[in-house]
Amino acid sequence: MSQTCIRVKELVKTYKDLTAVNRMSFDVRTGEILGILGPNGSGKTTTLKSILGIIEFDEGSIEVNGLSVKGRRKEVLKDMGAILEGARNIYWHLSPRENLTYFSGIRGIPQKTISGRIDYLLESLELSDVADKEVRQFSSGMKQKCALACAFIYNPSILLLDEPTLGLDVEISRTIRNWLLNVVEKEGKTILITSHNMDFIESICDRILIIRRGEIISHETVASLKEKFARKYFRIDLESEPQNSLLDTIATLGSVSATGSSVRVELESANHLIPLMKVLEEADIRMLDFQTVENDLEDIFLEVIREEEE
Amino acid sequence: MKFVNLIIAEAKMLIWTLRRYLFNTMMGFGVMFLIFMGMFWGLKTIGGSGVTDDSLDSMLVGYVLWVSAMLAIQNTGNEITSESRMGTLEQLYLSPIGADKIFFVKAVINMAFNFVFITVMLYLSMAATGRWMNVNLPYLYGMVLLSTLSLVGISFMMGGIGLIHKRINSVNGILAFGLIGLMLLPTYPITPYAFLPFVAGAAAVRNSIVRGHVYPIWWYLFVAGNSLLYLMLGLFVFAKMEKKARRLNKMGQY
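Line by line, the protein sequences give chains A and B. Here the first sequence stands for residues 940 to 1249, numbered as in the working numbering. Here the second sequence stands for residues 7 to 260, numbered as in the working numbering.
If we strip away everything but chain A, and leave its shape as in the complex, we get (with noise of 0.2 Å):
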C-alpha cells in the first residue's frame, strides 16, 4: 500500500454567500494520479489551489507529505510543482530554455546544477529543436507542453495540473498523456488533476473525485465506477428529427432522449427489444444507423451529477 503524500481534511473555503468548498475530506498516494472531475464552478481550481496554499481556506487541514500548508507552506513547495493557468504560466516572450533558466533561478537553483535537466525535458517534450525560440511563436500544444517542462523543472515529487489539455488537440493531448504516465512510471510521480476532457481523465487516472458544489460526490477507481454504472443503450440515427409522439411511445419501453435526429434508448428490460423495433417501423421513419454503446466516462459522469441531482 503506497503511503498518503497529500491528505486533505474538512476542508471548507467560503467567498460572502458561495461555498466553494464544503468539508471535502480526500488523501492521495504517493505514485498514482488522481483526477478531479466536476461542472463549472464545482471547486475544483479552489481545492488544488487550497492545497499550493495560493488560496487560504476558513476550515480543515491540508497537509502535504506530513506537513500543514497552513503552517509550512514554503517547505511544502520545495516538493510541488503546478500548472494552473495552462500556458499562460509561462512567459511568452521568452524562449523554452530562457523560462526553464527562470522558474529553476526563482527557486533558488543554479543554472549549473539544471543544465543537463533542462535538456532531458526539452527532449523529452519534443522542444530542443525551438528551445531558443520565442514562446509567443508557437502553437497552443507547444506552449502547454513548455509549461508542462517548468512545472517539471525543479523535479518535485507532486504535480498539481489544473486543465493541463484544455484546447488542445487529440494528437497533443495524446502526446501528454502519454508523456506523464511516463514520468510516473520511471520516477514515480504523484500527479493530482482536473480536465473536462474525459477520454484524457479515464486513460491516465487511477481514481477519480467526482465533486459538484464543493462536495465530493463520487471517490471511487475508473475501473470500478465504470463496473458501478456500466450501462449499454441503443443509439438510432434517423433520417429526420422524430417527432414527440415517437418518443414517447419509446418512453414507455425505458429512458429516451434524442439530439437532432440521433436518438438515445436504454430500454428497462431486453424483452423490449423487438416493442422498440416495432414501435420505429410503425412510424415509418427511415434508421440509418442502430447500434449497441456502451455508457463512457462522460455519460458516467453526468448520470453521477444527474443522480445526486435527485
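A few of these clues could be false.
[As the list claims (entries may be wrong)] Residues of chain A clear of chain B, computed beta-carbon distances all greater than 10 Å: (1) 1159; (2) 1188; (3) 1216.
[What the hints assert, rightly or not] Simulated pairs of lysine to aspartate or glutamate, EDC-like, Cα-Cα distance not exceeding 16 Å: (4) 256/B with 995/A; (5) 246/B with 995/A; (6) 1165/A with 1145/A; (7) 8/B with 1014/A; (8) 955/A with 998/A; (9) 1009/A with 998/A; (10) 1217/A with 1187/A; (11) 249/B with 995/A; (12) 18/B with 1071/A; (13) 1013/A with 106/B; (14) 1167/A with 1233/A; (15) 172/B with 63/B; (16) 1167/A with 1238/A; (17) 1167/A with 1237/A; (18) 250/B with 997/A; (19) 1165/A with 1233/A; (20) 1165/A with 1237/A; (21) 250/B with 995/A; (22) 249/B with 997/A.
Just so you know, the hints here were simulated from the structure itself, not pulled from any lab data. All values derive from a computational prediction rather than experimental measurement. Glycine included, each C-beta is placed from N, C-alpha and C at the ideal position.
Since the structure of chain A is provided, determine the placement of chain B on it from the hints.
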C-alpha cells in the same frame, strides 16, 4: 546561495526582456538622451543669459532624482500588474523563496539598471555637448539610493493594492507627479515634511550639490532611518494585502 541564484535569475530576466523588446529599449535610450541633450544645450541656448550654470545643474540633479524616484515608486506595482496580466503571478507564488523576496530583488535589479542607464545618458550628453557638469556623482547616487529605498516601500504598498485591484496605473501616475511637489518641500533643520518618504534625502542632494550645503551626520542617519521605516512599512502592508488576496482568491485574476 539561493538568494544569489534568485538575483542571477532576475538579472537574466531583465537582460532577456531588454533584448527581446530591443526597439522599445532603443527608443527608451533615445528619448532619455534627447531629454539630457535638451537640458544641457537647448535650455542654455533658448534661455540665454537668464539660465545660469547653477540653475542648470540644479535642474539636472532634480531630473535625475525625479526619474530615479518615479521608476522606484512604480516598480513593484507595475511588476505585479504585468505578471498578473500575463498569467505568471501565481507561478512566482509557488517559489519556496517567497514572492515578496522575488519582488524585492526585481526592484533592486531594476533600480541598479536605472542608475547605470541614467549615468550613461548623463555622460553621453555631457560629452556630446562639451558642457561638463560640476556634480559629485558618487554622492548623488549614494543619496538617491538611500532615499529611494523609502519609495521602494511605497512601491510595495502599491504592489499589495495591485494584488487585489490589479489595475493601479492611474494611482501610479498621480504618485509620479506628486513626487515633483515632494522634492521641493523644505525639510532642514527639521520640519514635518522631513518625515515624508524621500523628501529629506531629495532636499539634501539638491542643497549639497547645487548650493554646497554641508549636512551633519545625524541628518544622513535620519534619511537612512526614514527610508528603512517606509521600506519596512511597505513590506508589512504588502504581506497583509497578500494574505487578503489569498483569502479572496485574487492572486491569479486579472
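Among the hints numbered above, which are violated by the structure, and what are their numbers in rising order?
15
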